[in-house]
Structures are given as C-alpha cells and as structure tokens.
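**Student:** Take a look at the letters that make up each chain.
Protein chains: 2
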Amino acid sequence: MKEKFQDEVILANENFYRAIEESDFERMEELWVGSEDDKCVHPGWPMLYGWEAVGESWKSIFENGGPIGIELTDVRAEVSGDVAWVICIEKISHRLGDEVQSGFAQSTNIFVRTDSSWLLSVHHASPMPTPGGEVSSNESLQ
Amino acid sequence: MKEKFQDEVILANENFYRAIEESDFERMEELWVGSEDDKCVHPGWPMLYGWEAVGESWKSIFENGGPIGIELTDVRAEVSGDVAWVICIEKISHRLGDEVQSGFAQSTNIFVRTDSSWLLSVHHASPMPTPGGEVSSNESLQ
Numbered sequence: 044m045k046e047k048f049q050d051e052v053i054l055a056n057e058n059f060y061r062a063i064e065e066s067d068f069e070r071m072e073e074l075w076v077g078s079e080d081d082k083c084v085h086p087g088w089p090m091l092y093g094w095e096a097v098g099e100s101w102k103s104i105f106e107n108g109g110p111i112g113i114e115l116t117d118v119r120a121e122v123s124g125d126v127a128w129v130i131c132i133e134k135i136s137h138r139l140g141d142e143v144q145s146g147f148a149q150s151t152n153i154f155v156r157t158d159s160s161w162l163l164s165v166h167h168a169s170p171m172p173t174p175g176g177e178v179s180s181n182e183s184l185q
Numbered sequence: 044m045k046e047k048f049q050d051e052v053i054l055a056n057e058n059f060y061r062a063i064e065e066s067d068f069e070r071m072e073e074l075w076v077g078s079e080d081d082k083c084v085h086p087g088w089p090m091l092y093g094w095e096a097v098g099e100s101w102k103s104i105f106e107n108g109g110p111i112g113i114e115l116t117d118v119r120a121e122v123s124g125d126v127a128w129v130i131c132i133e134k135i136s137h138r139l140g141d142e143v144q145s146g147f148a149q150s151t152n153i154f155v156r157t158d159s160s161w162l163l164s165v166h167h168a169s170p171m172p173t174p175g176g177e178v179s180s181n182e183s184l185q
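Going line by line, the protein sequences match chains H and F. When you line the first sequence up against the working numbering, it's residues 44 to 185, in that order. When you line the second sequence up against the working numbering, it's residues 44 to 185, in that order.
Hints listed in this document are in silico derivations from the structure and should not be mistaken for laboratory results. Warning: the hint list may mix true and false statements.
Same chains, same names: a pair is fine if it fits in one copy or spans any two.
No more than 20 angstroms apart at the CA atoms, straight line, and that leaves these computed lysine to aspartate or glutamate pairs for DMTMM-like [as the list claims (entries may be wrong)]:
#: 1; residue 1: K102; residue 2: D80
#: 2; residue 1: K45; residue 2: D125
#: 3; residue 1: K102; residue 2: E69
#: 4; residue 1: K45; residue 2: D80
#: 5; residue 1: K102; residue 2: E79
#: 6; residue 1: K45; residue 2: E79
#: 7; residue 1: K47; residue 2: D80
Go ahead and model the full structure; you've got the sequences and the hints to work with.
**Tutor:** Okay, here's the thing in structure tokens:
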C-alpha cells in the first residue's frame, strides 16, 4: 500500500507541475486542498497563507506568462499515513523574447490524502545554486 | 488530542532552534529521526540527503560559529496523524566582529511522531525578503 501511495503522490506532484507549465488555473485549483491552511512560497517570495492568497498568486503568475517548461530531478516521496511529502529540484524555463532562460529551485511539497486523492497543502520552492555545475542558461528558441 | 499534538510539535520546533542557538550537536542529533530519509536545506544551500550529510552540515555550522540567536515569528503547526509540519519565519543573528548581523529565512519543518516524540525529518529554510519593511540590520554589540 505504501508503494501504491508513493506512486500516487508522485503522480499528483507531476500534475501540479503540468498545471504550472500549462498555466491552467482550473486544474491548479483542483490539485490543492483549498483551505485556509494551504501555504505557498514561490522562489524568493514570502509565504502566502490560505487558498485565497495562494490561488491569486497562481492567477497572477499565469496572467503574466508563467514558465514554459519545468523539468524535475531528484524526486523523492515519503508517505506516512494520510500525509506525504515530495522533495524535488525544478529546472524552470521562461521565455524572454526570443530566448529561453532557465533557473533552478529546490521544492518541498506536502500532500494530504482526502477522499482518495492526494491534495497539495504546502508548496515551498526556493532559489538554489545550479546543481552539478550546470550554468543557468540562456538558450536560443530556434 | 490534536491540540496536544500541536503544542508538542511547536515545542519540538522550539527545541530545534534552541539547539542551533546553543551550537549543541548532541541535542540536535536527538531531535532528528536520524535515518537516510532525513533531508535538510540550509538557506541558499542545496538539499542534503540522509542524517549522515545533515549531521555533518550542523557540525560544520557549529564549528564555524553558528547563529547567536534565532527569533521565530508566524509559527503555524498542522498535525495529521503521526505527521506534523511547522511553518515559521526565522530572524537569524550572527556575530560579525563587534556587530550583530540579522537576516530572515522562511522555514518548513516536517516532524514525524516516533515512540511518543516528534522528530524532525525535513528542514527546508530559504532566504526571504525582510518582512514588514524591517531592514536587515547591523546592530552594535556594545
């Protein structure tokens, strides 16, 4: 059962990043618990408390042109009862004119199991040194 | 029971910061689960995996003169089953010559309940903008 839950929560984590890549607010809203206990730290932002503030932040990010791609590495999931936490490194790519600029963030995501679904309660992402000597890159879009 | 657990985990969280203030490695070691699943992000550092690496980092921080004070604000604890997470803002003060320099970090700490104790499994601290317009300060030590 633990492995099944780990697989489920890794999938929930992937769905979260897909919603960001697609700037899909409706999907994003379905992935969170949606309560006043929800909490979110975008890289370099202060903590936002409660779904109302968290949801507004995603709307604002999507309206201002969110990331065009997020690649995950070093994904590790732990499950204990109805709580799970996923640790991962995000490589976040933004379009800047004709270029793609990438940066890295270290994330801790806490999920709680509600009606058989793993829903996000905490997303804490922080800017991190570029891993493995890879330089923060500007790539031509061509 | 939930309130009792919340009180317990807030106390465990305070003990964690007291161990840092006192550069007390033995106490620090007792506060963590101590397994390969332990994870720690110091502000601006990459994630460290497993107690061995996490413990070494604390030793290194303490040996190089750790913080002389950490004040916590905005402490919020959630408990679900045998897992709890505490979100807080750390005001971290270091001694630099005759001065005290302070900075802020946003932290997410995940605890698991083991043999009636709340033990730390994840500490994720990230540098944050100074809250409430307070400037990052240098104060004279006298």
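**Student:** Take the hints in turn and mark each one as holding or not.
**Tutor:** Hints and how they fare:
no., hint, in the structure
1, K102 to D80, "within (19 angstroms within a copy, 34 angstroms between copies)"
2, K45 to D125, "both (11 angstroms within a copy, 15 angstroms between copies)"
3, K102 to E69, "within (10 angstroms within a copy, 46 angstroms between copies)"
4, K45 to D80, "between (25 angstroms within a copy, 15 angstroms between copies)"
5, K102 to E79, "within (17 angstroms within a copy, 38 angstroms between copies)"
6, K45 to E79, "between (28 angstroms within a copy, 17 angstroms between copies)"
7, K47 to D80, "between (26 angstroms within a copy, 18 angstroms between copies)"
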